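Colleague: Chains Y, C and Z are the protein sequences, given in the same order.
Counting in the working numbering, the first sequence runs without a single skipped number right up to 300 at its last residue.
Counting in the working numbering, the second sequence runs without a single skipped number right up to 1065 at its last residue.
Counting in the working numbering, the third sequence runs without a single skipped number right up to 1339 at its last residue.
Mixed in with the good hints, there may be bad ones.
Claimed, not checked - To give an idea of the interface, some chain Y residues facing chain Z are shown, with a C-beta separation under 10 Å as derived from the structure:
hint: 1; residue: Leu26
hint: 2; residue: Ala126
hint: 3; residue: Ala193
hint: 4; residue: Ile195
hint: 5; residue: Leu196
hint: 6; residue: Ala199
hint: 7; residue: Leu201
hint: 8; residue: Tyr212
hint: 9; residue: Ile213
hint: 10; residue: Glu232
Quick caveat, the hints were computed from the structure, so don't treat them as lab data.
Keep in mind it's a predicted model, so treat the numbers as computed, not measured.
The C-beta atom is built at its ideal place from N, Cα and C for all residues, glycine as well.
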Amino acid sequence: MRSRATAPAWAVQAYGKWRKRRRAWLATGICVAVAALVCAPLLMIPGGSLMDSAEMRQILSPILGEEKGFAAWHLIPVYPTIGHFYRLLIASPAFYQLFWNTVGMTAAILLGQLIVGLPSAWAFAAFRFRGRDFLFGIYVVLMLLPFQVMLLPQYIVLQKLHLYNHPAAVILPAVFSTFPVFIMYRGFTQIDAAILEAARLDGAGELQIFSYIGLPLGKMGVQAAMVLSFLEYWNLVEQPMAFLEEQAAWPLSLYLPQITVSQAGFAFAVAVMALIPALFVFALGQDALEEGIAYIGVKM
Amino acid sequence: MRIKRHMLLQLIICAMCAALSGCGGSQEEEIPMGRYADREVKLPPGTFDYMHPCPDGSYYLYGLDTELTYVDAQGESKGKDRSWENNANIHAKYEVGVADNGASVFAYTPRFWNDEELEALWIAGDVRYLYYYVDEKGQKQALEPHGEGYQKGTNLNTFAFSPEGELYAASDHAVYRVNVETGEVESLFATEKQVKSMVFTGDVMLAADDGKAYFYDRAEGKLLDGNGALDTFLSSHSTGGLVMAAGDSENEQILYMGCRTGLYRYIWGGSVIEQIADGQMTALGDTQRSPRALQVLDNGAFRVMFSGNYMVEMYYDETLPARPAKELTVYSLEENGWIRYAGQLFQKEHPDVLVRYETGMDGDNAVSREDALRNLNTRLLAGDVPDVIVMDRMDIEQYADKGMLRELDGILQPYLDDGILYQNIVEGMRMTEKNKIYSVPMMVYLPLWLGEKMYLDGEDSLEDIVAGMEKARQKHPEGAILYTLYPKDVLLQTMPVCLPAWTGEDGSLDVEKLTAYYQAVRRMWEIDCAGFDDAGREAWQKNNMEWYAPEDMDMADIGFNFQYAAQQNFGETWLQLGFLMTPQVGMTGIHVTKANMAADWQEKELEDTVTYDAYTGQAGNVYWARTIVGLCEQGKEPELAEAYMNLLLSDPMMRKWWLDKPRNYSGLAIRKDSLGDILDIDNIEFGQTMGFKDPTGVNHPNFWPTEEEKQWLYQMMEDASCCYRPGTMLEECAMEVGVRVLDGELTPEEGAKEVERKMAIAMEE
Amino acid sequence: MFLLPGFSGVMIFYLLPFFEVVRRSFLKSGNGAFVGMDNYRAVFGNGAFALAVRNTFLYMAAGVPLLMGISLFLSLLLRNLLQRRKLVSALLLPMAVPAAVMVLTLQILIDRQGVINGVLTHVSGKITALPAFTAIDYLNTGWALAVVVCSFLWKNTGYMVILWLAGLAALPKEVEEAAQVDGANRWQSWHYIIRPGLSGSFFTIGMLSVLQIFKSYREVWMVAGSYPQEHIYFLQHLLQNWYLKLEFDRMAALTVIMSLVLLAVCLLLQKRLE
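Next comes chain Y alone, as it looks inside the complex:
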């Protein structure tokens, strides 16, 4: 009998490698395509920020109901101008103030959430206490409640605390938001209960368990929570609008004028300025955060 021909071992290996690589390429291809699709509409923003109002008006006039036909869009403006950036960065000192307000507010909120949210999330994940599920359910519901309904009662509380029209009126409720707790909790639940038991039996204090076992394992959850919180609070609109009367204390997101065509270019310029730090945070923040958490975990 003839034995069945088998491919030489090197060929099998090569084929396997090729398949693997092809898969990787395919996966990358799909992801890049989706990412491109997602970012495509955003390409309008840099172009728009450099477009002068007359051109903007001309290409958008169909949308305003002033002309038949369809709106066009120039990805690269025909008559580029830096007028909007000039107005934003040089002619209006308010921009910087609002920009730093946003930075300060977001930083304070994220820090606060970390301090307050981490232990809470840990508590839900590591301890079984009575009413835990119910309490957690309440946390989830509180997270889901639309802001409109909490507006009035929160306003009353803030008035009572004399916090109305103070940056803390925005920061404190955000710090105690149940949202980061919910996300960090998810990270912690991945930890095997047996490990915790073993640690407890070995006489580790709760804080030790938290910092040596919890933090390192839950860091992806913490990271996710921070990134998402950043996105949330970087563009916060409704809370500052409702709780801060003093315009000097407003974040950048409220600086955007009511969008009219003559303001559109300016609005795009503001968007660019709001996007740049976000990009920055995405690029650096993820790494820094990961390392930071690992560091905290070692130190405590």
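Mind docking chains C and Z on chain Y? Use the hints.
Modeller: Same frame as chain Y, now just chains C and Z:
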């Protein structure tokens, strides 16, 4: 580690305690006495915009078109002090600087240029100044700046003379010293922005732009270190103008600064800027004016010159409480100059009251009307209620129903009994369900059409306008009939007089009327479009663009507000729909428009006389309520609110405001005597400013309303009984759908159905 | 002990206000008289309420599974890629755009005379084989809900990818590798290893998708106004409009109803999935 946990807890608890106790406990202390108050300074005849203070308490007044007038320390003036120019070559003056001895320098553009380079720039639309220097004796000479560090054609926008008589000037990027004799310019230091003011103390000159203060040592010739506190102050207080003056007391150099938020004191070299007078309680807070100059007087008082020929003296009054014991809060959705003015007047009459005027939205940020209303409702529901609400663009019935508004029948009765107010207009605000009045419009607009008589002699209803347009179209096959650039304009001009007719007694929508409306406006738009091809309309839109700022102005605002707007389209269109917005100027505007339409130089033939009349639309006798004021039921100061309402309804308020600002569109006063007074005044100066020149250079005198016209206007006021209030949900909806109807996307029937569907959801809620 | 500081804040800023809402749901707005269950009756008897519940439910039924599916698929692809960071950041970008500009961009694209219709018209004009294209008024026709769902997906995919990746990262790698060595194919390793390991994440991400649905309201409102096309009239339109009409009583009642439903769903899912 244990410690850490406790620390964390303690930290949080401490933070909370701090937050809780932070602002409490300042309610019941006694208010100290003494604060700055102000009184108006009577100025010599002329229209002045600027002032130059002299160290001895005297000052010079001037304006860009008014010559220098000296007022001595006692307030005496001999009239015009010095003539600046009899130089026919001056086209327009831009900036002026005056020295203590009366020498002055100004920047201007000439009627004809001798300099080709600058002329080319001028033609390209870039304004470059020329300069003139007038010495203290009145000797004039052209000043031609030149020198190292000065590029030809750089505009010098700010001038200041030092006490020694040296001239300093600033462009948008540098500060210079200028030799007035030779024109030699020495660049001293660069700046980030245009320096707006320069102040001298000893050897140091302080130059300030909108965000930075520069200290320049004139003796050493070098720039000193900046001051962070001043920089911060400048960047946050420059809106609306900021004025500075140096003063000194007991070896301390002091800088005074005045701006909208108040008068401030800064001790040279320090880091503290202290408020010595609150803008809210003085003329500085007036958003209608900007401060232009500040003078420090020996007796501790100040003079502040404002734009618009207005000067006050601020003096320290020890008999006044440092801050008013009571507060009256006035709220409006959008800034309303009339209401702000009333607040200032009220405060003057009640020195113990602070009028806090709050606006929900100011246009330049992301706060929409809904957001503003939501914030207001939050306050109302939480019991933190303003005393007075201006209800423009708000749903009055909703607020009345929920018990938020106080019924005004009691307050208004005396006015109605004595026939002071137009009863029909007040009655038009009666809410049908409870049969009470909750708010009063202080001003109204009346709808008008204007055009050739041959087109319109019917009942002035919507159908009549359509018929008139058809006639006009036959006569004039080309061009526009109405002054409408875009579909939305037709809706804006017609909806106010039709909208009130669409809702029945029970609040339901009258679909038939709405369909008829859509049919009519669609026909109007078609007729109007028939005179153009697409390119023609586009060209016409472009031509008219400069008159038309679609985002700032409703098209319904055109027409009869003042001559300027009425002139813009005479002879190009044959019918005008619009609103009469100010009494005298409005009537004058009608005259001017008529005259223009009939005048020969337009090269248009008019076969019949031009005429005007009320425009009734679908609803008939509509008035457009403006500045609608209501009082809050749970307001904290009900008596003050009542007094405020009485002030609003008083003759001085209704009349004076209008006379101060003849060109605003605030509306026709609902007080009969005030309206009559305004129509009766015979102010020559006022008349002169309202005359106009036609393109051939012939000066036309102003037309005053005749007795007959006055009677016609009074009659229209008497007849107006149907209230139109903008900003209702129905209007928004009908407008949005209407544009789609005019675009041909929906038929009028479909449009009306669409509105009905949307309204059904709203009704269900 | 760990929970205490966090909980005290939640108490002050969320629970107390919520109790106030509950209290006010039994009172009449305006004069504050006690009216018992009247407000609840008013809510249930309201035609707009039925419409809003239906639409919100449809929106969730379409948006949540789609979002979760797409983002899970993407994160499975992404998790082993080297360029992961950059791609995730790209997906997250729409989130970082201020709402006002986001809305402006949308308007330029989907207006009846907007860019998308323009492109489609142009393309169908060029290629004669295609039937002639008539411009669609996306926001004023049956397309409205689809548009809202699409923009919801556009904005939130990156958000959910981050969460899935966090969940995936916590799965023990060794088990999967061992399975692969044992010859498990992709489907098997998904079915037996990844999916069970992610069950908790399903709950979290499902809940967050619902949260994002609620948060998308402001954009819908900015594009389409307080009274949009009837398919995109959601519960929050109703809440907002009531608030503007000072009907806080009904609003509070609706909130209480919503919270009870959400709590029930939440507890149920939590039991099932954990």
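Colleague: Please write out, lowest number first, the hints stated earlier that are contradicted by the structure.
Modeller: 3, 4, 5, 6, 7, 8, 9
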